[in-house]
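Q: My request is simple: use the sequences and hints to build the entire structure.
Take 0 as the starting number for the first sequence in numbering that gives the first Met the number 0 and just add one per residue.
Among the clues, some could well be false.
Across the chosen pairs, the derived CB separations fall in these ranges [as the list claims (entries may be wrong)]: (1) T265 / L517: 30 to 38 Å; (2) L828 / H479: 57 to 65 Å; (3) Q306 / K561: 40 to 48 Å; (4) I217 / L553: 55 to 63 Å.
List of simulated lysine to any residue pairs, SDA-like, C-alpha gap at most 25 Å [what the hints assert, rightly or not]: (5) K469 / D482; (6) K585 / A179; (7) K125 / R143.
In case anyone wonders, no lab produced these hints; they're calculated from the structure.
For each residue, glycine too, the CB sits at the ideal point set by N, CA and C.
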Amino acid sequence: MTKTKLKDNKYDPREIESYWQKIWEEQKIYSPNLDASTPPCTRRCGASLRTKKPFDPSASLRAQGKPFYNLMMFPYPSAEGMHVGNMYAFTGADVYGRFKRMLGFDVLEPIGLDGFGIHSENYAIKIGRHPKEQAKISEANFYRQLRATGNGFDWSRKLETYDSKYYKWTQWMFIQLFKAGLAYRKRAMVNFCPSCKTVLADEQVIDGRCERCATLVIREQREQWFFRITHYAEKLLGNIEKLNWSQKVKTAQRAWIGKSEGALITFKIKNSHRTIDVFTTRPDTLFGATFLVVSPEHPLVADLFGQGKDVMNYLSKAVVKSEQERIAQGKGKEGVPTWYSAINPVNNQEIPIWIADYVLMGYGTGAIMGVPAHDQRDFEFAKKYKLAIKTVILGIRRKPETPESLRAFHAKGDSGQDGHQTVARQARMTAGGEIEEAYIGEGVIINSGEWNGRKVPEDIGKVIDWLEQKSIGRREVTYHLRDWLISRQRYWGPPIPLIYCNICAKKGESWFTTDESLKIERKSWKSDHASPFDFLSSTMRGWFPVQEKDLPVLLPDVKEWKPTGTGKSPLATVESFINTFCPNCKSPAKRETDVSDNFLDSAWYFFRYLSTDIDSTAFDIKRAKNWLPVKMYIGGAEHSVLHLLYARFITMVLKDIGFIEFEEPFSRFYAHGLLVKEGAKMSKSKGNVVVPDEYIRKFGADTLRLYLMFLGPFNQGGDFYDTALEGMYRFIKRVWRLILDSCHPELVSGSPSPVPSPLEGEGQGEGAEIPKSIRQAQDPEFTEGQVRNDTQRRRMMHKTIKKVTEDIEHLRYNTAIAAMMEWYNYLKLELRGKKLEVTGEEVETFLKLLAPFAPHVTEELYHNVILRRQPKDLDSSSRLVGTQNDKKWSIHLQPWPTFDPKFLEEDEVTIVVQVNGKVRATLEVKSEKLKVKSYVEELARKSGKVKEYLEGKEIEKVVYVEGKVINFVTG
RNA sequence: GGGCGAGUGGUGGAAUGGUAGACACGCGGGUCUCAAAAACCCGUGAGCUUUAAACUCGUGUGGGUUCGACUCCCACCUUGCCCACCA
0 MTKTKLKDNK YDPREIESYW QKIWEEQKIY SPNLDASTPP CTRRCGASLR TKKPFDPSAS
60 LRAQGKPFYN LMMFPYPSAE GMHVGNMYAF TGADVYGRFK RMLGFDVLEP IGLDGFGIHS
120 ENYAIKIGRH PKEQAKISEA NFYRQLRATG NGFDWSRKLE TYDSKYYKWT QWMFIQLFKA
180 GLAYRKRAMV NFCPSCKTVL ADEQVIDGRC ERCATLVIRE QREQWFFRIT HYAEKLLGNI
240 EKLNWSQKVK TAQRAWIGKS EGALITFKIK NSHRTIDVFT TRPDTLFGAT FLVVSPEHPL
300 VADLFGQGKD VMNYLSKAVV KSEQERIAQG KGKEGVPTWY SAINPVNNQE IPIWIADYVL
360 MGYGTGAIMG VPAHDQRDFE FAKKYKLAIK TVILGIRRKP ETPESLRAFH AKGDSGQDGH
420 QTVARQARMT AGGEIEEAYI GEGVIINSGE WNGRKVPEDI GKVIDWLEQK SIGRREVTYH
480 LRDWLISRQR YWGPPIPLIY CNICAKKGES WFTTDESLKI ERKSWKSDHA SPFDFLSSTM
540 RGWFPVQEKD LPVLLPDVKE WKPTGTGKSP LATVESFINT FCPNCKSPAK RETDVSDNFL
600 DSAWYFFRYL STDIDSTAFD IKRAKNWLPV KMYIGGAEHS VLHLLYARFI TMVLKDIGFI
660 EFEEPFSRFY AHGLLVKEGA KMSKSKGNVV VPDEYIRKFG ADTLRLYLMF LGPFNQGGDF
720 YDTALEGMYR FIKRVWRLIL DSCHPELVSG SPSPVPSPLE GEGQGEGAEI PKSIRQAQDP
780 EFTEGQVRND TQRRRMMHKT IKKVTEDIEH LRYNTAIAAM MEWYNYLKLE LRGKKLEVTG
840 EEVETFLKLL APFAPHVTEE LYHNVILRRQ PKDLDSSSRL VGTQNDKKWS IHLQPWPTFD
900 PKFLEEDEVT IVVQVNGKVR ATLEVKSEKL KVKSYVEELA RKSGKVKEYL EGKEIEKVVY
960 VEGKVINFVT G
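A: Here you go:
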């Protein structure tokens, strides 16, 4: 087959690609042996084990058989199939993986499908097909597409989250969290999507709308299962700085965890024995507190404040208000006074207590002290309801230091009083002397008794100390992060593996009262929870996890799988599912009927990839030790918060309960950019979603891969234009032709002769059939000038190796490809009209550099030109590719080319000659003369038009930057 | 409202203090062909000029630092993404 192709000189991607994909998968060249890899070097990472080479500048990148877990975010298999955005992400990840493999790492690059959960179920509802059936269809389609992209996936390790072999262990994870006391049930205000008919985690509510269907969510009191992720808030936050992630993602995670430090202050309520705790980051303004506000959901509202017609009226309105309405209302804050007042503990002043929905129950204590003079929201509220405003901070602004900022400062209308070191500044006033906005800047405390004169923010710590001494308040830290609402009233997910026993509940028993529980040391609990056992055994009455031997709890195959809207999962009506026996007392009991959130499926899948061949455990501990954490994780920035945070949380839990020794799952995370179509975001509603299939059919996966990687910087995304693809197709065809046309005919047609490898010491030396330089075809006509030519050509090659190597390492794929094009253009020009040919060394190097981007065509050419084997010899029956031990036949298992800096040195360097910073000439200077300024200056004065420009001018200064530029500065 | 990016030819982009526009797309012209496609060759920031050479201008706007600024600093404009009544 290939002979014909070569004769015709025709590049036919379709034939080549499917052929090699089949061979790769058959020969398992991308399937590392997970149990046999060299464990990571503990002494010096990346050191070359081949010490024979005198100097190898890229040695630090090399490794011999070291595990490299190259992970990409597994896709949600939408029924429309994989779109080109998925392919963009996967190709970028695959290029990196292939590069690492050629550098000698044992690369694991697994793929799977995240097909469990609401997104898949909603689609099933839409088209009216059972999700299980739809999953099968999507799966086949997706895997077909994924194969066609030519990624180096380990197909022996794929997984699907909806496969019971997988979700068995998702359920096992749930049980581990339960047993660690990190899963609990509580009645709480939750987000409910009336369209999806399920509750949602806070993270899944965007602008008050459902993340999946954009329906306005309703706030409701419901009893639900939660994971205690807040328990890890401090660790999740603290570890961030150690991660090799982009600053952007780290910032997003920090913001989401949202740590605030401040104080908890206790107010007494007049005419009541009750007290109110408020959290504030500004305890220094306590003297300025003129009212207290509690959230409508605050427990004291039901217990104490909920009296009076006005209050009842307000509450009935506020509680049903959706999140969206509250936000839309913006600054028009509404509230209602209660009949109660509180006592400000620092000055015993009586201040009114209000109820308002601008205070959120979910943050802090659900109650705040209103300091209108120094908080904008409190200010607006005070204005609206004519509440007292008391200034306690005198603003200070330090005099601006630079002339520019001073000018800007004055231009803004700040009435700076020149000559003073500081400018007194308070809240901005209207002409009538009324305050226009709260002052929240730095300053000095006033009107606050013994605190007067203290500086803010410097002395806030001292203020808190004072409060602690007087037992008025204490230091407190609070987080924006809330516990993870994990239960969903849906069908298409892993049933939560818990059983409720009414009989045990009545006896006050739960799993936490069993012997097994008592034996477990709960490392995950902080010491300040003095008795987690008591706490859990009281809140978890009647609840028991399914015994591990009984896993999985299979999702029953039912006809009525659509969401019910009754607040219960469709499983709640399946008698055969619900009824079971209590693991504790063996009497009849009932199963939990909710399923777990889809984000749990994806929070641990990278553990499962390592052990898809093992049924007896979630993941093999030894393999996890060798292969994890993930060395490189590539995915979309939209998962900066949710998925990455959940995966980190689960990993920390697994560490605390003793399964692993690390607590961060992803050493490096790299967020790729977004691919758009002709300037617009691809979306189903716009109908501009690009599916790779047709492009692969027309141009081949190699062309599409190269094109996608060439669009722009990988972390910035790109714009997909049909026409531009042709250019990349052209490039591959040109390379194909250059290599085949300029190669010695004998080489292409066969009859190999054993000769030493042109890339000496590159590991494939002994016995390998590598041809010597083709140009040694001894043609006397071009020996003339050959030496100079050789040097130049070698320099170009080494320059390209350097550039491509460094660019791929930094994921600058677009410039790596450009460098290869430049080299191609150079060779083309070099060979044109002369009898020259590309050397074997050049061909081999070029193919290797291109291999991560265009795996199929490079493999094909490598076999025909370098190995001189016909692909048909590679059928599994052939002796050439006999055993799995002999995998050297593939270009993708060859060592990455190295460059030698000694070939990079130029013997002549171009110096730019400037007069007053303007380029007037360029100059070729011999390298060895570069250091001599006087010599260069001499030449420069005479070069080009420089003489004219310097005529009659006095030279004030000559700036010479060695090897780059010389600039004459005249008067 | 807050945070983080980005602004360069007709287009995607390159250059992170030293010849702006690499590389590619598109476009124009040519070769081959009966013709078309493909392929190949030449040109392609703007202005001035018949052409060439030369010169001038040119990286969102205004200012600054520097012998020299797309690059560093200040202010502003535009735009994208993320978060948002977080006390």
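Q: Decide, hint by hint, whether the structure agrees.
A: Quick rundown of the hints versus the structure:
1. A hinted range of 30 to 38 Å holds for the C-beta pair T265 and L517, which are about 36 Å apart.
2. At about 60 Å, the CB distance of L828 to H479 agrees with the hint of 57 to 65 Å.
3. One distance hint, 40 to 48 Å for the beta-carbon pair Q306 and K561, holds here, with the actual separation near 44 Å.
4. About 32 Å separates the C-beta atoms of I217 and L553, a value inconsistent with the hinted range of 55 to 63 Å.
5. Between K469 and D482, the direct Cα distance comes to roughly 33 Å. Violation of the 25 Å bound is thereby established for this hinted pair.
6. At roughly 23 Å between alpha-carbon atoms, K585 and A179 fall within 25 Å of each other, so this suggested pair holds.
7. Taking the CA atoms of K125 and R143, the gap is about 24 Å. The hint holds against a cut of 25 Å.
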